[in-house]
Structures are given as C-alpha cells and as structure tokens.
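**Student:** For the record, the sequence lines run as chains X and R.
So that you can map any letter, position 137 of the first sequence is 137 in full-length UniProt numbering, and since no number is skipped, the others follow by simple counting.
So that you can map any letter, position 70 of the second sequence is 70 in full-length UniProt numbering, and since no number is skipped, the others follow by simple counting.
There may be inaccurate statements among the hints.
Covered by chain X, per the in silico footprint, the following chain R stretches (three or more residues, Cβ under 8 Å) [as the list claims (entries may be wrong)]: (1) 17 to 24; (2) 282 to 296; (3) 309 to 317.
Not the full set, but computed from the structure, chain R residues with beta-carbon under 10 Å of chain X [as the list claims (entries may be wrong)]: (4) Leu2; (5) Asp13; (6) Leu89; (7) Glu96.
Bear in mind the hints are in silico, worked out from the structure with no lab data behind them.
All figures in this text were calculated on a predicted structure; none of them were measured in a lab.
Yeah, the Cβ is synthetic: ideal placement off N, Cα and C, and Gly gets one too.
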Amino acid sequence: MICKSKPTKTQSKTSDSKEKLLEKEVQVSLLSKKTAAKYSQSSISSQKKKENFADLLTWTEKYRPKVPNDIVGNQSIVKQLHDWLAHWHDEFLHKKNKAISKKQPDGLAKKAVLISGTPGIGKSTSAMLVSQMLGFHVTEVNASDNRGKADAKIIKGVGGNTSNSIKELIGNEALSESKDWSKYAKSVLIMDEVDGMSAGDRGGVADLIASIKTTKIPIICICNDRYSQKLKSLVNYCMLLNFRKPTKQQMAKRLLQIAHAEGIEVNEIALEELAERVNGDMRMALNQLQYMSLSQSVIKYDDVRERLLSSAKDEDISPFTAVDKLFDFKGGRMRMDERIDLSMSDPDLVPLIVQENYINYRPASVGKDDNGIKRMNTIARAADSIGDGDIINVQIRRFRQWQLSQAGSLASSIIPAAFMHGNRETLEPGERNYNRFGGWLGKNSTLGKNLRLLEDAHIHILASQTSNVDRETLRIDYWSHLVKQLTDPLRIMPKDAAVQKVVEFMDTYSLSQEDLDTIVEISKFQGHPSPMDGIQPAVKAALTKAYKQGSSLRVVKTADLINLPGLKKAPKKRIAALLEPVETGLGEENDDALLENEEEGSNSEETDIAFNQTGDKKPQLDLLTDNRKGMEVQLDLKNEEGKSSGWKTTPASKARGSRSSEKGGRSGSSGSKRKR
Amino acid sequence: MLWVDKYRPRILDKMIVHEEVAQNLKKLVSEQDCPHLLFYGPPGSGKKTLIMALLKEMFGPAAEKVKLEQKAWKIDAGTRTIELELAMLASTHHVELNPSDAGFQDRYIVQEIIKEMAKNRPIDSKGKKGFKVLVLNEVDKLSKEAQHSLRRTMEKYSASCRLILCCSSSSRVTEAVRSRCLNIRVNAPSAEEIVKVLEFIAKKESIQLPPEFAARIAVQSCRSLRRAILSFETCRVQQYPFVMNQAIPPMDWEQYVSEIASDIMKEQSPKRLFQVRGKIYELLVNCIPPEIILKVKLLSELLKKLDAELKHEVCHWAAYYEHRMRLGQKAIFHIEAFIAKFMSIYKEFLIATFG
Chain X
1 MICKSKPTKT
11 QSKTSDSKEK
21 LLEKEVQVSL
31 LSKKTAAKYS
41 QSSISSQKKK
51 ENFADLLTWT
61 EKYRPKVPND
71 IVGNQSIVKQ
81 LHDWLAHWHD
91 EFLHKKNKAI
101 SKKQPDGLAK
111 KAVLISGTPG
121 IGKSTSAMLV
131 SQMLGFHVTE
141 VNASDNRGKA
151 DAKIIKGVGG
161 NTSNSIKELI
171 GNEALSESKD
181 WSKYAKSVLI
191 MDEVDGMSAG
201 DRGGVADLIA
211 SIKTTKIPII
221 CICNDRYSQK
231 LKSLVNYCML
241 LNFRKPTKQQ
251 MAKRLLQIAH
261 AEGIEVNEIA
271 LEELAERVNG
281 DMRMALNQLQ
291 YMSLSQSVIK
301 YDDVRERLLS
311 SAKDEDISPF
321 TAVDKLFDFK
331 GGRMRMDERI
341 DLSMSDPDLV
351 PLIVQENYIN
361 YRPASVGKDD
371 NGIKRMNTIA
381 RAADSIGDGD
391 IINVQIRRFR
401 QWQLSQAGSL
411 ASSIIPAAFM
421 HGNRETLEPG
431 ERNYNRFGGW
441 LGKNSTLGKN
451 LRLLEDAHIH
461 ILASQTSNVD
471 RETLRIDYWS
481 HLVKQLTDPL
491 RIMPKDAAVQ
501 KVVEFMDTYS
511 LSQEDLDTIV
521 EISKFQGHPS
531 PMDGIQPAVK
541 AALTKAYKQG
551 SSLRVVKTAD
561 LINLPGLKKA
571 PKKRIAALLE
581 PVETGLGEEN
591 DDALLENEEE
601 GSNSEETDIA
611 FNQTGDKKPQ
621 LDLLTDNRKG
631 MEVQLDLKNE
641 EGKSSGWKTT
651 PASKARGSRS
661 SEKGGRSGSS
671 GSKRKR
Chain R
1 MLWVDKYRPR
11 ILDKMIVHEE
21 VAQNLKKLVS
31 EQDCPHLLFY
41 GPPGSGKKTL
51 IMALLKEMFG
61 PAAEKVKLEQ
71 KAWKIDAGTR
81 TIELELAMLA
91 STHHVELNPS
101 DAGFQDRYIV
111 QEIIKEMAKN
121 RPIDSKGKKG
131 FKVLVLNEVD
141 KLSKEAQHSL
151 RRTMEKYSAS
161 CRLILCCSSS
171 SRVTEAVRSR
181 CLNIRVNAPS
191 AEEIVKVLEF
201 IAKKESIQLP
211 PEFAARIAVQ
221 SCRSLRRAIL
231 SFETCRVQQY
241 PFVMNQAIPP
251 MDWEQYVSEI
261 ASDIMKEQSP
271 KRLFQVRGKI
281 YELLVNCIPP
291 EIILKVKLLS
301 ELLKKLDAEL
311 KHEVCHWAAY
321 YEHRMRLGQK
331 AIFHIEAFIA
341 KFMSIYKEFL
351 IATFG
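Make a model of the complete structure from these sequences and hints.
**Tutor:** What follows is the structure, given as structure tokens:
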C-alpha cells in the first residue's frame with residue numbers, strides 16, 4: 001500500500017532489505033494479508049488497476065504504516081517494543097541462556113507488555129508491525145471478538161471458541177514446530193482493548209493474567225487507559241509502554257505526505273490546525289481529511305477550522321467548570337447548543353450546583369436596581385425554573401421519558417443561568433467566592449438516615465402496643481413531647497428519681513437507648529439549644545447504667561422485632577441470644593395467638609416489676625395490672641401447660657426471680673407448641 | 001404512659017367526640033358484616049381510635065392483641081423480582097399497614113397482601129368472622145397506580161377481606177376507590193368538644209383545670225385533639241397548678257418555622273433567602289414533611305403578619321408551589337421557589353407602599 005502512494009518516498013525511508021522483509025511478512029501474515037498481498041503485487045502493474053482498488057479503502061487503511069519507522073511519533077517506544085519482542089524467546093524459553101545473561105534491565109524481564117495511549121495514535125499498528133517485522137505469526141484478539149463463538153476460525157482450537165484456542169496457543173509452543181503451525185516460526189498474541197474486557201470474556205483480566213504466567217509465546221496487551229480499575233492487577237505482570245500523542249508538527253508532516261499523494265492542495269498550517277483539533281488522533285485526522293477532500297480539492301485553514309468546530313471531540317468538562325461557564329458574566333453570549341453541551345456534561349450534578357449557587361450571582365441582565373427588587377424578581381423566576389427542572393426530572397426518571405432530558409437541563413440549568421449570570425458575590429462572611437457543591441445530596445442522605453432512625457423508634461413504639469401512631473404524627477405531634485418527657489426530669493428532678501422516671505417512661509414505650517439518642521438528635525435545630533443541654537454528665541451516665549440494668553427484661557418486648565429469615569438486617573445481638581427466631585418463623589394461627597399472649601403477659605409482668613420497684617401507686621399501673629388479670633384468664637383457656645409454668649406467679653419483687661419465671665414460661669409454652 | 005394513649009377510648013361506647021359516628025358504626029357491624037370503609041378527616045380527629053374501637057367491636061378483645069411484624073415481600077413482577085420490607089401490625093383478625101411506605105412500589109404491596117389474605121381465609125367457626133380486615137393507612141399517599149390496582153382487588157376478594165382505608169384527605173383518593181367504600185367523615189373536633197375531653201382527663205387525673213386555660217389549649221391545638229391532649233400534659237409537667245397566663249409551649253418545629261417566617265418578613269434579600277434555605281434544610285433533615293412546612297405552618301405564619309391585600313395572592317402561590325412540590329421530588333427546590341416568590345412580591349409591595 002505504501003508503494004502506491006509514492007514509491008520514491010517509501011524507498012527513501014526504508015532500506016531495500018527491509019522492503020523485502022516486509023514483502024515476505026505481508027504475504028505470511030494472516031491479518032489483512034489478502035489486500036496487502038494483492039496490493040503489493042499489483043503496485044508494480046498498471047496504474048488504473050491501482051486506482052480502482054484504492055477507492056475501496058479508507059485512507060486510514062490505505063496509509064496505515066507498513067514499517068515501524070512510518071509510525072508517527074513514539075519511535076523510542078516502538079524501539080523498546082521491538083527489543084522486548086526480539087529477545088523474548090532467548091529470555092523465557094531458553095532458560096539456560098537466560099541464567100547467564102541476567103544483565104538485562106528489569107523491564108524486559110516481563111512476559112507480557114501493556115501498551116497504553118489515547119485512541120488513534122498507532123498502538124495496534126505498532127504492535128502489528130513490530131511483530132511482523134520480527135517474523136512472528138500474529139494472532140490478534142480484541143474485545144469485540146471474544147464473545148462470539150464463531151471466532152474459532154482464527155485458530156482452530158479444541159473447544160472451538162477463542163478462549164480455548166488462546167489457551168492452546170499460549171500453552172503449546174511445541175505446536176509451532178509441528179502440524180499446520182509449522183510454517184510459522186514463532187507466534188505472538190496481541191490482546192487488543194483489554195480495558196474493554198469484562199468478566200464475561202473468558203474470566204476477564206484474571207484469566208489473562210493466568211495466561212501470562214504460563215505463556216510460552218509473547219503477549220502484547222493494548223489498552224486506552226492504563227489506570228483503569230480493571231487493569232490494576234494486570235499492570236503488575238506487564239512491561240508498561242505508554243504511547244504519547246504525536247506533536248502537531250509530526251502529524252502535519254505525515255498528513256502532508258498523504259495529501260500530496262492524494263493530490264490535495266493544502267498548506268501545513270491548515271494541517272497543523274487539523275492535527276490540533278483532533279487531539280492527537282491520527283485516525284480521526286485522516287478521516288476528516290478524506291471527508292473534506294470529497295467536496296474540495298483545495299483545503300484552507302478556514303475550512304479546517306469551520307469543519308472541526310462542530311465535530312471536535314467531546315472534551316471532559318467538570319460540572320464546576322460547566323456551571324462557571326454558564327454563569328459567567330459573558331454567559332449571555334453563548335450559543336444555545338454550547339449551553340446545552342455544558343449542562344449535559346453532567347445532567348445530574350450541574351443542576352444541583354446551579355441550584356446551590358444561583359442566589360450568589362448578581363445578575364448582569366438586571367441593569368440599575370436601586371432596592372434589589374429586580375434582582376429578587378429574577379431570583380424568583382430562576383427558582384421557578386429550577387422547580388420545573390425537578391418536575392421534568394421526575395417524569396424522566398419515574399416514567400422513563402428520556403426524550404425530555406434536554407428540556408430538563410434547559411429548565412434546571414440553562415434558564416436559571418440565563419437569568420442569573422453575572423458576577424458572583426459571597427453571601428456569608430468568610431465564604432470563598434467559588435461555587436459550592438450542591439448541598440442537596442448530603443442533606444438528602446442525612447434525611448434518609450434520620451428517617452430510618454425515626455422508623456426504628458416508631459416500630460419500637462408500635463411494638464410496645466401502648467400507642468398506634470403513624471410515623472409522621474409521631475414526629476410532628478408526639479416528638480417534642482417525648483423529648484420533654486425524656487429530658488426534663490433529668491434536668492430538674494433529683495438524680496435517682498429522675499433516672500427512674502425516664503427509664504420507666506422508656507420502658508412503657510419500649511424505647512431503646514438508641515431511640516433516645518434518635519429523639520434527641522432529630523430535635524436539634526441549628527441555633528437552638530440541644531435538648532440534652534444542661535444535663536449533668538453524671539446523670540446521663542446514671543441513666544445509661546439504669547437502662548442497662550433493666551435491659552434483660554426488655555428483651556421480650558422487642559422480641560417481635562426479630563427479622564424474618566432471609567433479610568439483610570442482622571437481628572440485634574441481645575435478642576438473638578435469647579430467642580430462637582424459629583418461634584416467630586413458625587406461624588400457625590394458633591401459635592401466633594399464643595405467642596402474643598406470652599408477650600402480653602410478660603409485658604404486664606414487667607410493668608408490674610417496675611410498679612413494685614417504684615412503689616409509687618399510679619392509676620395507670622393499676623390499669624395495667626387489671627389488664628394482666630384479663631390476660632391470665634385467656635391463658636388458662638388457651639394454654640394449660642403455660643399456666644403451670646409460672647405465668648400466675650405473683651408479681652416478683654426482684655427482677656432476678658421474675659426473669660427466671662419468665663424463662664420457664666417460655667420454655668413451657670414452646671414445649672406445648674411442639675406437642676401440637 | 002402519655003395521656004393521649006392512656007385515655008384513648010377503647011370501645012365505641014366510650015367515645016366522647018364523634019359519639020354519633022360511633023353509634024352508627026356499632027349498628028353497622030351488629031349484623032356481623034360490614035362494607036369496605038373509608039375514614040377521612042384531618043389529623044388528630046380520631047380516625048385511628050374509631051377504627052381500633054370498631055375492630056374491637058367486631059372481633060372482641062382479640063383484635064387488640066396485635067403483633068408487630070417486619071414482613072418481607074418477594075413479588076414476582078414479570079421480568080424481575082421485587083423485594084420489599086414493610087412493618088405491619090397484625091392480629092388474628094386484622095392486618096394494619098402503611099402501604100405508602102413502599103414508595104413507588106406500593107402497587108405491588110397492595111396487590112400482594114390482599115391476595116395473600118384471601119388465601120388464608122379464617123375459618124368460620126365459634127362465632128368467628130369469615131373475613132379478615134385489612135387496615136390501610138395513608139391511602140391518600142398511595143400512587144395512582146396502587147389505587148387503581150386496589151379497586152380491582154377490592155371487588156375480586158371482597159368475600160374474604162374487608163378494607164378499612166384511612167386518610168386525611170379524600171380528594172386524593174380516586175373516585176373509583178371512594179365509590180366502593182362507605183365513606184365516613186371524621187370531623188376535627190370543635191373547641192368545645194376538645195375542652196370536654198380535657199376536662200374528662202383532668203377529672204381522671206384529679207387536677208384542677210381552669211376552663212379558660214382549657215379553652216386556650218383547645219384554640220392553640222388547631223382542633224387536633226391529639227395535639228391538645230399532648231400540650232395539656234406538657235403544661236401539666238411544666239407548671240402546676242395552672243396559672244391564668246401560662247404559656248402553652250409550641251412544638252419545637254413549629255417554633256422554628258415561626259422564626260423562619262419572621263426572618264422572611266424582616267428582610268427580603270438574596271442573603272436572607274440563602275439563610276432561610278439552610279433553615280428549611282434543617283427542618284427537612286429533622287423529618288418534618290415538606291407539605292406540613294409549606295402549607296400548614298409557613299403559610300399560616302406568614303398570613304398572620306401579612307397585609308390583607310396580599311393574602312389572597314400569597315395563598316395562591318403557596319397552593320401553586322405545593323402542587324408542584326407533589327409533582328416533583330426535591331421538596332426544597334419548591335419551598336425555596338415559594339419563598340423567593342414571596343420575597344419578591346412582598347418587597348415590591350413594601351416599596352410601593354412605603355417608598
């Protein structure tokens with residue numbers, strides 16, 4: 001193919017001997033061999049035939065470098081690759097030699113090489129060319145091949161699919177001396193696009209690493225991003241070669257040769273502009289050049305500029321930069337598509353940052369504004385539009401109306417920015433005059449956490465069966481009262497009495513200590529004193545201690561919180577220790593009723609204990625004891641065995657005793673259950 | 001135990017407020033059967049109390065023996081399996097749950113649970129009911145889809161289960177569901193009724209309650225009986241015997257919203273808007289529902305201090321942004337938009353009036 005372009009030029013570049021070698025290689029190689037071979041033969045024959053054939057090729061194929069020296073830039077790396085491959089067999093297969101010549105630098109001691117670099121700068125081409133030049137037989141596998149079973153044709157492996165054939169290929173160096181492999185002296189495996197390799201591809205990277213460890217042929221891996229998470233483990237097993245983008249001068253030089261070969265009139269400055277625009281991507285530059293050559297034979301600087309403005313590669317903009325640009329003082333002059341590009345650079349984060357910061361801008365669109373009315377109006381309109389954006393976002397996400405995404409970014413970022421763009425000013429002293437990160441995400445996750453805590457407390461309260469509120473009411477109506485009930489006594493009453501009262505209250509509603517923390521935590525408001533303020537640390541400690549003392553009694557109350565099997569949340573330790581979850585799991589109607597009775601009974605018993613301990617005759621406790629008597633009757637009817645084992649014991653005066661009786665009751669009742 | 005829970009009437013006969021409703025309900029279930037019911041009314045009016053008493057009337061004391069279950073649902077929805085976890089209170093005769101907790105997947109809960117209840121139909125013996133009762137709370141928060149699936153299952157399984165729906169606003173329950181139920185409106189109790197209840201409690205607790213003070217509590221409770229009783233108890237804890245001008249402490253969050261309102265009235269500037277945003281966030285993070293902040297509290301606080309001619313417009317905008325908040329997802333955006341709008345209107349008004 002090179003010969004086509006200008007035989008004189010290629011000859012000047014490559015020596016005669018190399019040319020010959022290449023010719024041989026091209027005939028031998030599996031890849032693109034047909035075209036290449038045909039072409040090299042036909043190059044000597046008539047010009048017309050050549051022309052016909054050339055039309056079929058894109059320029060990127062047509063002018064693909066044929067010898068390593070043709071590669072634009074990165075010559076030193078190509079040389080390194082060449083050395084590595086050339087010494088590979090001495091290094092790894094003929095171990096005796098290797099033992100002697102251990103002076104080699106470390107990098108060369110790896111069995112595989114990892115070439116990285118941005119797309120279109122000739123990584124695959126270099127790997128291919130170097131291998132061919134050294135007389136290797138090339139097997140190229142890229143990510144897109146791996147999944148298909150039809151790939152068996154590349155090399156006829158045992159199992160018929162690529163993975164097997166690769167295994168065989170790397171395992172059997174001997175094959176190269178026998179069978180149909182015999183005509184190739186040596187093989188090399190080129191793994192292209194390894195960073196696109198997923199777990200579905202033959203065990204992914206792990207398998208590749210295993211292959212590298214055992215390989216008897218050199219492996220060349222190629223990727224775009226060496227720092228990709230997937231390749232973390234791979235890099236340790238490979239010699240790393242990083243291809244850099246060629247300079248624009250280097251690229252322009254090569255482009256100029258091609259342009260001349262194609263008979264296009266173009267000057268070097270235009271080509272340099274082209275090279276710069278494509279960001280080092282030779283392939284793209286060639287595609288662009290070919291595309292332009294279709295419509296015009298003379299290409300000027302301006303043409304290049306114009307053409308590439310729209311087709312420039314997407315650059316990565318951080319959402320902050322995007323917001324900065326949108327809100328810039330001169331932001332009003334941007335074109336609509338530029339704004340859409342900016343806001344779509346991250347359609348989730350940009351709106352959040354816009355929302356966080358729009359108040360900070362002094363809108364340039366508002367001229368003279370004595371009392372800030374106009375600014376306030378503008379802010380209101382911007383806020384309105386942000387609200388629209390939120391509504392659109394719901395439609396997009398919940399009802400999958402993705403066609404609305406542009407409208408969404410228009411409403412949530414572009415319109416507010418159009419209203420508010422101007423100079424940024426700080427609202428709080430000491431604030432840095434830069435855009436803040438959107439606060440919504442953090443607040444939302446705190447809210448989520450608090451809701452979870454609230455739900456926990458809510459469930460505890462429901463479990464206590466004293467109240468039947470829903471969560472919202474609990475927060476709105478009960479909450480401040482609960483706070484008062486739980487903290488006020490600690491502040492005003494003497495220590496022991498206060499602690500007792502609070503613990504008692506917590507028990508009535510089966511609140512745990514975590515719930516107490518939750519209740520305090522969720523009642524804190526910025527700029528208001530915390531409900532815990534003014535409580536002596538000693539009192540707090542006493543409370544904790546008192547609560548812990550009674551904790552063995554509370555177990556049964558919260559027992560119904562045991563999670564059913566197969567749930568993520570692990571049951572709380574103390575519950576798990578005392579109750580076999582099977583009890584709740586087994587669920588016949590009758591047994592359930594029984595269990596409830598059990599709980600009911602123990603609840604009332606517990607209150608009885610509290611009652612005895614306090615010795616404080618309160619009507620509410622009387623009510624409860626009455627309740628308990630009712631319960632007993634029920635138990636008599638339903639569970640005769642349970643009765644015998646101590647539910648009827650008079651309210652125990654000591655926690656210890658009652659607990660044992662409770663345990664007895666439990667075991668007795670579960671025994672009765674088993675009988676059924 | 002708090003007084004609210006302690007003096008909650010357990011049976012229909014002991015109802016102090018909504019006596020008539022209670023008696024009607026009693027007659028309704030005396031026939032051993034009942035239609036689907038929909039209770040609606042403002043918070044603190046006694047819906048839940050009525051429902052629990054009704055259940056007791058129907059099933060006897062067994063209905064009170066509830067057990068809390070954290071139930072996991074595995075629902076096969078065509079291509080995928082949805083796993084949901086929901087707390088429910090269950091007795092042998094009824095199940096109570098909050099399907100709207102499942103968020104946008106509430107539809108599956110509604111379908112699944114009714115199906116399951118239909119499967120385990122209790123046996124009709126020894127005077128037991130041949131059906132189970134399913135109490136669904138906050139049906140007005142159910143998504144439209146869930147309500148639609150509800151209406152089908154309501155008919156299909158009506159032989160084996162009765163639904164008792166409970167919500168604060170019937171307008172957000174679809175027509176179809178409403179027409180399948182017997183609608184029972186539970187009014188907010190009047191101030192006199194609240195006073196009556198407070199006096200009843202005072203008598204039981206044997207404390208002196210001056211009638212004027214009771215009236216004040218009733219007024220401040222915004223006709224929510226629950227709130228009245230709670231603040232009554234708070235006052236009792238705070239200071240007893242009561243004095244005439246004793247302050248009735250507001251809820252923590254109410255106080256905070258009032259502060260926000262006065263912040264907004266004092267100054268209308270970007271800076272103030274920014275500070276207010278921080279405070280609103282504070283409320284939201286403390287689990288105060290945004291609708292309550294905007295509609296119930298912030299608006300009424302603002303209206304208190306507003307000139308008459310602006311009231312209409314401000315109400316309009318509050319309704320407008322509340323609606324948008326329901327459509328949207330990030331409540332703060334809409335509350336902020338309302339505040340910005342208010343600031344802009346109010347500022348304009350101030351300058352037009354006072355120059």
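**Student:** All hints are to be evaluated individually against the structure, with a verdict given for each.
**Tutor:** Okay, the hints, checked on the actual structure:
1. 17 to 24: With 0 residues closer than 8 Å to chain X, the region 17 to 24 of chain R misses the three-residue bar; violated.
2. 282 to 296: holds (count 9)
3. 309 to 317: violated (count 0)
4. Leu2: holds (7 Å)
5. Asp13: With Cβ-Cβ at 18 Å, over 10 Å, it is violated.
6. Leu89: holds (6 Å)
7. Glu96: holds (8 Å)
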